[in-house]
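Student: For chain A, the structure is supplied; the task is to place chain B on it using the hints.
Chains as they are written, first to last, in our numbering: chain A, 1 to 258; chain B, 1001 to 1366.
These are calculated hints, taken from the structure and not from any lab test.
Since this is a predicted model, take the numbers as computed values, not measurements.
The beta-carbon is built from N, C-alpha and C at its ideal position, and this holds for glycine as well.
A hint or two may mislead.
[Said to hold, decoys possible] Which residues of chain B face chain A? A few of them, derived with a C-beta cut under 7 Å, are:
#1 Ile1176
#2 Gly1178
#3 Lys1180
#4 Ile1212
#5 His1214
#6 Arg1215
#7 Leu1216
#8 Ala1227
#9 Glu1232
#10 Lys1236
#11 Ala1237
#12 Gly1239
#13 Ile1240
#14 Asn1241
Listed below are the residues making up each chain.
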Amino acid sequence: MAEPVMLKVEGASKRFGGLQALDSVGLSVAKGQIYGLIGPNGAGKTTFFNVTTGLYVPDAGRFELQGRAYEPRAVHEVARAGIARTFQNIRLFGEMTALENVMVGRHLRTHTGLMGAVLRLPQAKREEREIAERARALLDYVGIGRFADYRARTLSYGDQRRLEIARALATDPVLLALDEPAAGMNATEKQQLRILIERIRQDGRTILLIEHDVKLVMGLCDRVTVLDYGRELAVGAPAEIQSDARVIEAYLGTAAAH
Amino acid sequence: MNVVSSNATRTPEWLKWLVLVIGAAILPLILQQFGNAWVRIADMALLYVLLAIGLNIIVGYAGLLDLGYVAFFAVGAYLFALLASPHLTETFPAIAAAFPGGLHLTIWVALPLAAAVAALFGILLGAPTLRLRGDYLAIVTLGFGEIIRVFLNNLDHPINLTNGPRGLGQIDAIQIFGWKLSRRLEIGDFEIAGVTLVYWLLLVLVVAAIIISHRLAESRIGRAWMAIREDEIAAKAMGINTRNLKLLAFAAGASFGGVSGVVFAGFQGFISPESFSLMESIMIVAMIVLGGLGHLPGVVLGAVLLAALPEVLRYVAGPLQQLTGGRLDAAILRQLLIALAMIVVMLLRPRGLWPQPEHGRSAGRG
Chain A
1 MAEPVMLKVE
11 GASKRFGGLQ
21 ALDSVGLSVA
31 KGQIYGLIGP
41 NGAGKTTFFN
51 VTTGLYVPDA
61 GRFELQGRAY
71 EPRAVHEVAR
81 AGIARTFQNI
91 RLFGEMTALE
101 NVMVGRHLRT
111 HTGLMGAVLR
121 LPQAKREERE
131 IAERARALLD
141 YVGIGRFADY
151 RARTLSYGDQ
161 RRLEIARALA
171 TDPVLLALDE
181 PAAGMNATEK
191 QQLRILIERI
201 RQDGRTILLI
211 EHDVKLVMGL
221 CDRVTVLDYG
231 RELAVGAPAE
241 IQSDARVIEA
251 YLGTAAAH
Chain B
1001 MNVVSSNATR
1011 TPEWLKWLVL
1021 VIGAAILPLI
1031 LQQFGNAWVR
1041 IADMALLYVL
1051 LAIGLNIIVG
1061 YAGLLDLGYV
1071 AFFAVGAYLF
1081 ALLASPHLTE
1091 TFPAIAAAFP
1101 GGLHLTIWVA
1111 LPLAAAVAAL
1121 FGILLGAPTL
1131 RLRGDYLAIV
1141 TLGFGEIIRV
1151 FLNNLDHPIN
1161 LTNGPRGLGQ
1171 IDAIQIFGWK
1181 LSRRLEIGDF
1191 EIAGVTLVYW
1201 LLLVLVVAAI
1211 IISHRLAESR
1221 IGRAWMAIRE
1231 DEIAAKAMGI
1241 NTRNLKLLAF
1251 AAGASFGGVS
1261 GVVFAGFQGF
1271 ISPESFSLME
1281 SIMIVAMIVL
1291 GGLGHLPGVV
1301 LGAVLLAALP
1311 EVLRYVAGPL
1321 QQLTGGRLDA
1331 AILRQLLIAL
1341 AMIVVMLLRP
1351 RGLWPQPEHG
1361 RSAGRG
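Chain B on its own, in the form it takes in the complex:
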C-alpha cells in the first residue's frame, strides 16, 4: 500500500527527461518569433553541448586533460566540407571525371564516417601520449590541436587539398530525406525557419550523445575510465588494461567531435582553419569545468551558458561601450566579462555549477 502511493506521487525519471526534451524542442519555435539570429545562437549552443559531452568522456571520465579537442571537430568539418563541396572536383580533374555530378556526400554516410575518422585521429593522438599525465599531457594535446590547424592552413600547396586560409565554401546544406535544412518549411500559415530544422537535428544528436555517454559512464568501461582518473596504478592493479581504455576514451570522445564538425560545416556552408583555433579548445574545456567535470547535466549547463553568454553580453556590452565613449571594444569587453564570470564561479563553486551530488554522505549518519 505504502509502496504504491509513494510510486504514484514521485514523477518517474524518464518523464522528467521527456518534458525537458519537449521543452527544448519547442524553444526554437518561440525564439524564431524574435528573429532567426536567436535560433542561430541556440544552434551554436547545442553544437557546443555536443562538443562538451564528447570532451567530457576524455577529461571528465578518464581524467585525460586534452587541450587539442578542437582538432577532432576540425577533422569532422573538413571531412564533410571536402566530400560535399565543389573544391575537390574543381581542383582535381580526375575526381571531376569520376564524379560528374560533383561530390555530394549524404549526411547518413558523413556522420558515421566522420565519427570513425575522428576516432582514428583520437587513437593517433592517444597512442604517443599514453605515459603522460596532467600538465605534460595537456601540452602534447595542445600541440596536436595546433598541428592539425597548421596543416589545414598550409595544405593548399603543393597540391591544394584544404584551400589553406581561404577555407572551403559552397558546402552542401545538410539534407534529410531530400529536404535541405537551409530552406524554411511552411505548414499552412506557420513557418519553420531553416535554422530551427538544424536545431532539431542537433537536439536529436545531443540527446543521443547524452544517452550514449550516460550508459558508458554507468558500465564497466565507464567505471574503468574513472578508476584510471582516480588512481592509475591502482586501476592497473585491478587488472584494467589502462592503455586500451585510454585509447578507447580518446576514440569515443573524438567521435563526438567529428559528428559535431559535420553539422557545423553543413550549417555554416563555409569553414576555414580560423574556426579551429586553440581558443576553441580552451572554451570547450572551460565549459565542462565550469559546469561540473564528469557530471552530464553540469556539462550541458556549462556549454549552454558559455556558448550563449557572449551573445547575451552583446546587449550589455553595447551600452557599456557607449558609456566609455567607445574606448572599450565590445569584443574585448565580452571576453573580459566571461573571464570575470569564470573566476567568480570557480571561487564560489570550485567543483563547477552543477557537480556530481555527494550522495550517501548524510543518509547513513543522520
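Next comes chain A alone, as it looks inside the complex:
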C-alpha cells in the first residue's frame, strides 16, 4: 500500500543571529512522490534545502534518507548519500561546456585516480567513455543535447535550468531537490519543465520541489508543505492547501485588511 519513506526530517531548526529562519520544521516524503515546499519570500524554503543538503549546519533536527539517519555536515557526503540539488540562483560551471558540466556530476560515482588518469590505463579510458556517454544521454534526456559543446554560460536561461537538472541527475540521486526551477521562465518553458519533472518521477525518482508558482506546484505535487516565517503553516494535498484559510492569509493578507 503506502510507499516507503524516502526523506524524513524532524524538527529542523536554524538561526541566523536574531532571525529564526527555520523553527522546528519537519516533513516526510514518500518514495516516488513529488513533494512541494511553498511559502512567501523569506519563509525559509531555501534554508530548509540548505540545511537538508548540508550546506548549512542545522542547530537541531533529525534527518533520515531511505530509513537511514544522516548528519548533514558536509555537502559532498549528502550528495554521495543520494540527494542531488539545483540552486535558486543557477550555479553552473560557466566556463565549462554543457557536456563537461554533466560529466562533473558523474564524479562521485566514478573512481579513476591520479595514476589511472596520467597513464590512461584501459580501465580509466573505459570509465571516461562511460562518463561521456552517460552525460550525453542525460543532455538528450532534458532536451539540450544539441548544446553539448556550448559553454554553460552561453546557454539561455531555461536551458541553464535544464542543464542543472541534468547535472544533478548525473549523480544518480534517489532524491532530486529542485530549488525554484521555474523562476524566470515563460509559460511555454514552464509547461516543458512540468513535463520534464513528471518524466523524472515516472523514471523512478523522488522529487522535492521548492516553487513560487502556486499553479505549477498545485498541478505537479502529490503533497505540499507551506512555510511561513520559518514555521510549518500547513501540510496536505494540494486541494486541501488551496482552501486553507491560513495559507490564503499568508499569501494574500487577511480579508479584513482589504
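Tutor: Okay, now just chain B, sitting in the frame of chain A:
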C-alpha cells in the same frame, strides 16, 4: 569514401606535435652557432615553461591563486644542492664520516624525491588555506613563499644548514648515464655544447609535464578541479570532496616546481635565496595569465615570451640607454618595457594571448 579522403588530408594531431617537438629539439643546435649564451637563454625559458605548467595546475585548473609558488622551486633546488654538494659533509663531520666519498645524489633519485618533497610542501601550504579564496588565499600563499625564503636566508645558525645568504656552491652537474651535462659532447667534427644537453633534458621534462598536465585536465580529476574553480559550492553539491582535490592540486603543481628546482641547481652549480624572491613567483603568475590561464599552449607561449623577452630587450635597451646619455638604467628599462607589454596585452586580449578556444559557439547556430 568521403571519410577516407578527409582523414587522409587532415594532418593528425600527434604528427603536428611531433614536428613541434623535433623543431624544439633542433633549435639549440642552431642557437649554439651564435654562442652558448643564446642556448642558455633557451634553457632558462624551458625552465620557466616547466614552472608555469606546474603553477597552471594550481591557478589555471583549480583556480587557487598561489603567489608563493617559487617556494616549491626553492625546495627542489635546495634539496638537490644539499644532497649533491660538499656543504653538508664540510659542515657536519658525522655526515662526512658516513659518506667518505661526499654526497652525490644522482638525478634518478633527486627528481622523484624533489617531486615528492615539494608535493609534501604543497600539502603543508594547502592545508591551512583550504577555506580561503581569491585575495585572501593570494596573501597567505605570498607569505608562505616569503617564509621559505627567510628560512633559507637564516638557517645558517645555530646549525649551518643552508649557508644563509652566501648560498650553496659546487653543486654537482647533472649526470645522465655517466655523462656530465656540463661537458660538451663531440661527435666527429660536430660539437654539442653542455648547455644544449641541459636543454634536451629540460625539453624531455617539459614534454612529460605537458602530457601529464593535459591528461589530468581531461580526466575526472581535472574536471573536478575546474568545477571547484568555477563554483565551489556547486562542486560540493555534486559530491566533490573539495578539500582533498584542492590538496591534490597543490601537491601536483608543487611537484613540477620541485623537479624544476633540481634541474636549476644542477645547471647553475650555485644557488642562493636571492633566486627565489617574490618577484619570481609574480613572474610565473604573469606568464600563465599573459599566455592564457588554464590553456596549456597559452601557458607555454606566455612562459617562453616572458622568459626570453628580457634577454631580447637587452639589445633594445642598450641603444635606448645611449640615446638618453646613460641616464636610463638598462635593467630598469627592461622591467619598464615588460610591464608595458603586459599592460598592452591585457588591454587588448584580457583572456591572454592564446586562451582556450570558444568552441561550439558558432557551430550550432550557423
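Student: Now tell me, hint by hint, if it's right for this structure.
Tutor: Structure-based check of all given hints:
Violation of the interface hint for B/Ile1176 is found here, the shortest Cβ-Cβ separation to chain A being roughly 23 Å, above the 7 Å cut-off. Taking 7 Å as the C-beta cut-off, the interface hint given for B/Gly1178 is violated, the closest approach to chain A being about 29 Å. Given hint, B/Lys1180 at the interface with chain A, is violated; its Cβ is 31 Å from that chain's nearest Cβ, farther than 7 Å. Hint status for B/Ile1212: holds, given a least beta-carbon distance of 5 Å to chain A, under 7 Å.
For B/His1214, the suggested interface contact is broken, since its CB lies about 10 Å from the closest CB of chain A, more than 7 Å. For B/Arg1215, the suggested interface contact is upheld, since its CB lies about 5 Å from the closest CB of chain A, less than 7 Å. Taking 7 Å as the C-beta cut-off, the interface hint given for B/Leu1216 holds, the closest approach to chain A being about 6 Å. Against a cut-off of 7 Å between C-beta atoms, the interface hint on B/Ala1227 holds, since the closest Cβ of chain A lies about 5 Å away.
Given the 7 Å rule on beta carbons, the hint for B/Glu1232 is violated: about 10 Å separates it from the nearest Cβ of chain A. Against a cut-off of 7 Å between C-beta atoms, the interface hint on B/Lys1236 holds, since the closest Cβ of chain A lies about 4 Å away. Proximity of B/Ala1237 to chain A holds as hinted, the smallest CB-CB distance being about 6 Å (cut-off 7 Å). Taking 7 Å as the C-beta cut-off, the interface hint given for B/Gly1239 holds, the closest approach to chain A being about 3 Å.
The interface hint given for B/Ile1240 is met, as the beta carbon of that residue sits about 5 Å from the closest beta carbon of chain A, less than 7 Å. Checking B/Asn1241 against chain A by beta carbon gives a least distance of about 5 Å; that is within 7 Å, so the hint holds.
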